[in-house]
Structure formats: structure tokens, C-alpha cells
Amino acid sequence: MRTVVRAVSLVTPFVLLSACSVVAPQYSPDVDNIQSLKSATTAHAKIGAFESHADAGNSYPVPLRANMMKSPVEDSFGAYLADAMTKELVMAGKLAPQSDVEIKATLLENDVSVGVITGAAKLSAHFIVMRAGTVRYDQIKSAHTQWDSAFAAMIAVPKARDEYPLAVQKLLGELYADPAFLAAIQ
Amino acid sequence: MALIRMIAAASVVAALSGCAHEISLTGDASKIPTLSTKPLDKTVGLVITDDQLASEVITPGGGGDKVSYHPYHDLELPIYVSLGHVFKNVTKLKSVPDAAMIQAKHLDYVIAPTIKTTSSSPSLVTWPPTDFSVTLACSVADPSGQTVIAEDVTGTGHAEFSQFKRNFSLAGQLATADAVSKLQSALANAPELQK
Chain U
1 MRTVVRAVSL VTPFVLLSAC SVVAPQYSPD VDNIQSLKSA TTAHAKIGAF ESHADAGNSY
61 PVPLRANMMK SPVEDSFGAY LADAMTKELV MAGKLAPQSD VEIKATLLEN DVSVGVITGA
121 AKLSAHFIVM RAGTVRYDQI KSAHTQWDSA FAAMIAVPKA RDEYPLAVQK LLGELYADPA
181 FLAAIQ
Chain E
1001 MALIRMIAAA SVVAALSGCA HEISLTGDAS KIPTLSTKPL DKTVGLVITD DQLASEVITP
1061 GGGGDKVSYH PYHDLELPIY VSLGHVFKNV TKLKSVPDAA MIQAKHLDYV IAPTIKTTSS
1121 SPSLVTWPPT DFSVTLACSV ADPSGQTVIA EDVTGTGHAE FSQFKRNFSL AGQLATADAV
1181 SKLQSALANA PELQK
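First to last, the protein sequences are chains U and E. Note that the first sequence covers residues 1 to 186 in my numbering. Note that the second sequence covers residues 1001 to 1195 in my numbering.
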């Protein structure tokens, strides 16, 4: 009897969690990213179209074990990336909706794996900067992050969900660290 | 009801696995209220080291569970934003600057915060803390290293189940917002910084 009670108490939380839908946390700007943008003293840009290219490594919603992670922004992680960049441009004082410099992007890879020991996120996006109809920057940037995971989904899934914005911060950090990008938005 | 069941289930798993529940104290930094006064025409360096950013703190939640968070990582943005309301230019630094860096970055002041936190909950069923406090101690030093002013503020946050059911970190985020709001007011009103 005791064994049964113990087994039920162990299994119940996993059953409760199965096949749930989770929403990624709202993006919180990264101070280092804001500083990188601020270093481009005369930069001003507007945000153009940000799309998400559906692929094996970029399915929507994003599977986190038995859970599915959705974007809190326009039901798209392309829009999530646009929102992230908008927030950092605003905080750096570099967003200018009237600017002739436009940043566009396509999310190519958006994969989160929730292992028993380690979790990992792989993101990549194709960024384009246009100025008055001319392409000034055209590159693909990638980011890979890793964290300690857990066997219990009730621990591992929220952890993976909370790690997602940090992977987006790293992806944007890779872009802002590129002198060619900073030159293109000036 | 489903939410209570989920939170209770998470508590069972966390207790069994010996883990603390992760929360974030950051909140929406764009909602930190601006000051009625114009920013002082000064450049300040905000020192937060990589070791501080990586440091994790574990404090009590409800139902005998614990919560874990990274205070310096989580408060980095709110502090940076609030200092931006007080001073015209804020530069984040990963170490205490030497004379050469102070000169290169034209720093008028160097600010090194230390953060202390507490959390608690009387709940026997749910793990998110209902009460949270964030104490920010900030010393403001001039380029010679002399302390110009030292401010010590404490922000508090309280969130009941009906409020935190959509955001388990709410009490901590309210405490953070309260602490940085008090910090920016204290610095903006400090006569020592008006010179």
C-alpha cells in the first residue's frame, strides 16, 4: 500500500504537467547589448519585417519535452526577436521610426532541447540592414547556450522556458558585437 | 484550482529532487517611474563584476520550499535604468576602474552596489514567496576613490496568490521596483551630487 501511495505521489506531478502549453517570458533587455548599441554614437534605425522560417530546427510552438512553448508576442518568435531588438534600441536611444535605415531579420533556427542533465538552445537568424533601398549589411548570426537541466519535467521545463530569453540576448549580442552591423546602422 | 494543483505538484517535485524554484527579480524595467528633475550632467560607472552576476541566492518560499535567483544579474538592468534617470550617462563596468579607465571614460563617479534579499510566505500549499525585500547599498565614489555619499534603501514587495498566480516572481519584482525607485530618489535629492 505504501509503495502504491509513493508511486502515485511521484507520478501525479508528471501527469499534471503533460502536454501543457507554456509561454516564453517577456524579453528583458541586456545591459551589455544596450551599451554596444550606445557605442554607435550616430546610429538610428527602424525595425522592418521580422519573419520566422519554419524548419526542422524551427518549429512553432517550440517543443519542450511534452510541453509546447509559444511566443508572448504576436504568436511568433520572429515577432519576439523584433520586440527584443526594439526594446534594446529604445533603451539605447537608437530607435527612429522615421529613419531610412531599416533592420530586417528572418529567424532560421529556434531550437530548445531539454535533456535530463543539460538543456541547450540553438538560435540563428539572417539579419539585413537596408538604407534607402540599398543593402548595407547581410549576415547570419548564431547563438548557443547551455544550462543544467533536471530529470523532473516540472523543474526542467520552467528552467528551459526561463533560459530562452537569455539565448535571444546572446543572439542579439553577437549581432551588436559585429563592427560591420554597427557601421551599417550609422 | 488547476493552478493550485500545478504549484502544489511543483512543490512535491522540488522537494523530492531537492531543488529550489527559480524566479527572476527583474520585472519590466521600462516601467520604473522617471524623475521630475532633469538628469544631472554627470557620467557614472556602475560596477557589477562577472562573479556577482553569476552569484545565486536561495531564500525561503512557501510550503517549506525555497526559491533561487541571481540578484546582481536580475537587478543589473533596473539599477542601470534608474541611474540613467539620475545621471546623464551611465557606463556599466565589470571591475572597479583604475585611474586610466576613469580618465578614458570621463567618469565623474563610480557606483558599486551591494544587494541583500529576504523572502517568505505563510502558505503551506504554494511555493512562491508572498513577501520579498531587496536592500540596495550603494556607495558613490569620486575619481580619487573617496566616498561622496553612501545610500542604503530597502524595497518591499507583497503578492497574494490571486496576484502572483500568473507571475510567481511578482513579490520579488515589486520589491526590486520599489528599491530602485527609492535609490534614484535618494541619489537625485543628495546635495553632495549636485556640486
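Hint data in this document are derived by calculation from the structure and do not stem from the laboratory. Incorrect hints may have been included.
The calculated lysine-lysine pairs, modelled on DSSO-like cross-linking and capped at a C-alpha distance of 30 Å, are [claimed, not checked]:
1) E:K1195 - U:K170
2) U:K159 - E:K1092
3) U:K159 - E:K1094
4) E:K1042 - U:K104
5) E:K1182 - U:K38
6) E:K1182 - E:K1195
7) E:K1066 - U:K38
8) E:K1042 - U:K38
9) U:K46 - E:K1165
10) U:K104 - E:K1038
11) E:K1066 - U:K104
12) E:K1066 - U:K46
13) E:K1038 - U:K170
14) U:K159 - E:K1066
15) U:K170 - E:K1066
16) U:K104 - E:K1165
17) E:K1042 - E:K1031
18) U:K46 - E:K1116
19) E:K1165 - U:K159
20) U:K38 - E:K1165
Comparing the hints with the structure gives:
| no. | hint | verdict |
| --- | --- | --- |
| 1 | E:K1195 - U:K170 | 40 Å, violated |
| 2 | U:K159 - E:K1092 | 27 Å, holds |
| 3 | U:K159 - E:K1094 | 26 Å, holds |
| 4 | E:K1042 - U:K104 | 35 Å, violated |
| 5 | E:K1182 - U:K38 | 26 Å, holds |
| 6 | E:K1182 - E:K1195 | 21 Å, holds |
| 7 | E:K1066 - U:K38 | 38 Å, violated |
| 8 | E:K1042 - U:K38 | 17 Å, holds |
| 9 | U:K46 - E:K1165 | 36 Å, violated |
| 10 | U:K104 - E:K1038 | 35 Å, violated |
| 11 | E:K1066 - U:K104 | 43 Å, violated |
| 12 | E:K1066 - U:K46 | 43 Å, violated |
| 13 | E:K1038 - U:K170 | 33 Å, violated |
| 14 | U:K159 - E:K1066 | 15 Å, holds |
| 15 | U:K170 - E:K1066 | 29 Å, holds |
| 16 | U:K104 - E:K1165 | 36 Å, violated |
| 17 | E:K1042 - E:K1031 | 23 Å, holds |
| 18 | U:K46 - E:K1116 | 39 Å, violated |
| 19 | E:K1165 - U:K159 | 18 Å, holds |
| 20 | U:K38 - E:K1165 | 37 Å, violated |
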